Amino acid sequence: MKKTVKAVILLLLAVSVLQLTGCWNYREIDKVSIVAGAAIDKERDRYVVTVEVIDMKSGKESVVESKIIEGRGQSIFDAVRNIIQISGKRLYWAHSKILIISQEIAREGVADVIDFYARDSEPRFALYLLISKEETAKDIFLMESFAEDIKSFDIEDMLSSEESVLKVSGIVLYEFINDLGAEGKSATLPSISLILNNDQKRPELSGEAVFKKDRLIGFLDGKESKILHYILDETQGGLLVGEEISQDVDKELTLEVFENGTTTKIKPEYVSGDLTINIEVDITAAIAENRGGNYFVTKESVDQMKKEVEKAMEEKIKNLILKVQSEYGSDIFGFGRTVKADMPKTWKKIKNNWGDIFENLEVKVTVDFKIVNKAMLSQPITIGD
Amino acid sequence: MFFDENNRKEQQEKPVTYKKHLKKSLEYNIQLFKDIFNSDETLVTRKFKGPTEQQSECGIIFIEGMIDVDVVNKNIIQPVLRKKILTREVSLETLQEHVIAAHKIEKTADIEKLIQGILIGNTVFLLEGASEALIITTKGWKHREITEPPSEKTIRGPREGFTEAFLTNLSLIRRKVKTPKLKFKYLTLGVQTNTKVCICYIEGITNDKILEEVERRLKNIIMDGIIDSGYIEELIKDCPLSPFKTIGSTERPDVAASRLLEGRIAVVSDGSPNVLTMPYVFQEYFQSNEDYYMDFIFGSINRLLRILGFLLTISVTGIYVAISTYHQEIFPTPLVLSISAARQGVPFPTVVEAILLLFIFEVLREASVRMPEAIGQTISIVGALVLGQAAIDARLFSAPIVVVVALSGITELIVPRFKGANIIVRMMLLFLSAFLGLYGFIFGVLILLIHLFGLRSFGVPYMQNYRSLEFQDFKDTVVRAPWWYMILRPQFIASENKKRRSLIRDTGGEQ
Amino acid sequence: MKKEIISDPESIITMITFIFGSTLILGSAGDAKQDAWISVLIAVAMAVPALFIYARLLFLYPGQDLFDILKRVFGNITGKIIGLLFIWYAFHLGAMVVRNFSEFMAIVAIPETPPMVVILLMGMVCIFAIKDGIELLTRITTFLFPLVLLLILIVVILSLTEANPENLKPVLYDGWKPVFKGAFSAFSFPFAETVIFTMVFSGFKNRISVYKTYYYALLISAVVILIISIRNIMVLGQVGSIVYFPSYVAVSVINIGQFIQRIEVTVAMVFLLGGFVKISVCLYAACKGIAKVFTLGDYRQFVAPIGLFMLIFADNIYESTMEMLEWIKYYPYYAIPFQIILPVIILIGAEIKVRQETIQGTGDR
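Protein chains in written order, with the numbering used here: chain A, 75 to 459; chain B, 65 to 575; chain C, 529 to 893.
Isolated chain A (complex conformation) (with noise of 0.2 Å):
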């Protein structure tokens, strides 16, 4: 008897687990929709979130599509939730690869938009941000033409293999967020806007923006964007064209900087009141086209372009920090940090007024450049008659 009783408990205990089964957290990877990015804007006080989802059909080939759809709501949240009243499935942000923030919301603080992303347990701390250039961020979205089928991924692709190009550096996350709270140091993410590319418009990722505290103060162009790299010591190689390295002379060369193959050092000198910041960056190059029919046969030859390539650098630093010291008064080349980690004391006596003082540093800007081959070639290729 007493068996029984035993028995139909656990029976009853077994049958409850199984209820139980299923609920909660359990989704199956087909009910969910796949967010691959989302965009954010804002219209009057409403937020506009535009999420990319990957739509799935399914038939002897699966095939993959992309699919915009548009949500309101006063907070990010609830616009998000909104936009499962018209997908019909819950978003799932796990995968989503970017997030791209509007000028205007950028401007007015980007505090408030991360903090959703942030918090949230789904989406990841690894999620790149972006700023559209554009007028809204949903219409990076609305563009027809991209290499892949999904837009996110395409951008993603941008952003990591825009590493050896140099424009700009994929922030994610949790570095922005690192930045937006550290002293001494503003933040940066890429911007990205469209351009006409074989009549179709492209994005691209077109620079900097800068940003002070959280606010959107301007953008850095390409070549600029390039340089800052080089100062934040953050360059994964790439290429140093013409008009950059020289002002005149060696228009036609081109010079590839290998991976790894710049160091950056941030020296801050503080002698009696003053602050000095002494910038060191060592470049190692090679020769990756050369046109015009330059020799750089003889130690002298390869001497002078070196000296040239120095001084270029040098004034294209040094021009930098000037137009960002005083257009946008926006520490993001991490001076005060520099000072902070090297002289802490110093740091506490300048860090309520750093911004009066980064506008007026003086910063001195060494480059040492070092070419270490010629690639394939040892001379311009001869032409005879």
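Capping the alpha-carbon separation at 27 Å, the derived lysine-lysine pairs in BS3-like fashion look like this: (1) A/438 - C/697; (2) A/419 - C/697; (3) B/111 - B/203; (4) A/422 - C/705; (5) A/423 - C/561; (6) A/425 - C/697; (7) C/561 - A/422; (8) A/425 - C/705.
Take a look, some chain A residues computed to stay more than 10 Å from chain B by CB distance: (9) 87; (10) 273; (11) 384.
To be clear about the criterion: a stretch of chain B counts as covered by chain A if any three or more of its residues have a C-beta under 8 Å from a C-beta of chain A, and this derived list gives those stretches: (12) 387-401; (13) 406-419.
These are computed hints drawn from the structure, not numbers from a lab.
Computed from a predicted model, the values in this text were never measured in an experiment.
No residue lacks a Cβ here, since even glycine has one placed at the ideal position from N, Cα and C.
Since the structure of chain A is provided, determine the placement of chains B and C on it from the hints.
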């Protein structure tokens, strides 16, 4: 020990003693046996006399088919018929010593013994005027050839296998271990079947405590019949509800011999080609006799494969269900997309898919075991084409889950010894994974580990080898260390005499 | 009931895993920000004398646990009262760890699942494990430990690609105060929590093993925790101080070649193993204490009821994660009596008692 209360009561009536005694009258004695074997028509009684009338009558009783006819004819009947000494005064002793040509004769008055003798194929010899009888060993029934057991095939190594014949089996073991220290102890189990069981061990290597425990448990068995050693296994194993084996069984004399050498005890049961070895620890699941015959590198690789196979077969479905329904973020994005695409339009949730497919797989496996070979092909066609391809095409199942279940099924076959344990553990992990994702899975693994580490086989911790940090204990687990390295016997089993081999020739390098 | 004898490596590993316990999830010395690693070092230095007290206690009375010692040193009644306090501590600590884990899982993985389910499952596993004795637990731990350690180290190596040593600078920017504060919290959580083991271990192979266990465990766990906290600072920088579970987040940002990424769940599972050991040890200590203090025979009969009670307690102990983290700030002060004051008093008492006993010749040696 697990005995039903009713069973025990019944068994207490056991000794069905025949109170009758042999008398001097041959007629009476024969009738006595006829009564005992009432309506058993295989019982043959034959009376015969010597050439002259003065000679006293004698009789033999045996069971048809159990005896070697030649022996009975030529060695018992013929000499008696020919010899003239069979006068009325002749005694059984004289016959035993001078007439009957058999290698083993026993004189007894114990009717119980006589009956046993008849039952195992001996011949009982009765003499007019003697209240005792002779049991003449004439066993000789047909049994199977010594062949390689199909369930334990090897590429390298001896090709003998145990048969159903008890003594042949013992001789197979004896032939491998030629030492007087190898001991055989007989027991008779089974009230009705009177099955002979033999405990084999090597004195001086085997731990006496374990031996005592084995004997104790065997003697406690009260059972109607022991048809196969499987009965014994189930009756004396530790933790009878556990799906894991705590007693090993083998059909190969070489395996049994090597286990004996490691200090284990073998139990041979009459009529069963499966010899039990105990204690049995977890690592033995992964050991194969071939590991030791081939070089240690290849042996180790195979062993690692088996362990991997075990891990895969219990976990792969669970992990897949957990990840694809709880932690989709772990998959790389392209994989998520393809799984998602494959699942479009599939009616069942992933767990149900997994359970159904596992069920189908087990059905196919079970069906093909007992299938005549001619029909076997049908099953593979039905399995592969109908259930595999067609089910995916018809969107009954998604392709990834079929791959996963197939993987789980194939790896199950790497270590066939796991059988039931595999299925149960896999299901448990699958349910827990569907319940709480990978966290449920890890809880399941913990429960499994707690169970395994709590198990003991005859006092030896089941997972002994896996808890130790001493390399000497580890040498024969996930890898098979070279023989010149395995100096010590598994010390948890062999109590004394730990050295497997002398250290002096250690550096010789010859195998 | 047979005596449970535990070998040296087993006891060391169990203690290390216990120390890892929830520390790997919650991180330690969060107050000190980028100087957390200094705090860990100081905490280890502080732990050396504290652990000496615990080890010395067990050393003085070999084969006996804290409850036996209390009885011998303070007599029946006082000993029992102090014993009760320690039972409470073990019980409460166990409940807190249970809660830590259920909160962790609710936040990072399965937010919609009722926490009680997680708590129940976790608790059931621990009850199941402890029912077969502490020996079983140490064996499982010894089996799993190499895997756990290996995984931790692999993940640390993988996260080096995301590490930025600059984040460690500036050293001691905010002065020593937060560092000491962090050190204090790292001392009481987790290092000095090993006081629980005075209630757990009694079956050492020889007397000196006690010291060996405590100091090897301290050394190894300190090294790992140090490595992990340096990793967290280097990978996360500022973010490390605003997330609840820094180690988890630090792993989640690993991205190697687009392929090795999002591996934090695997790490979380390893953390779970640490929690399992910690909860089990606390539960064992509490049950053993109750059996001994109330002289009720075998502790095994209390494992299920006390365990279930601990689970219910864990479910109701805090209102929310915020409250839990708030409490963790106060925890060091709460733990002082159990970790320092009482052990010191007991040790003094024990030393006096042992001397008296040897003089009178009534010592059992």
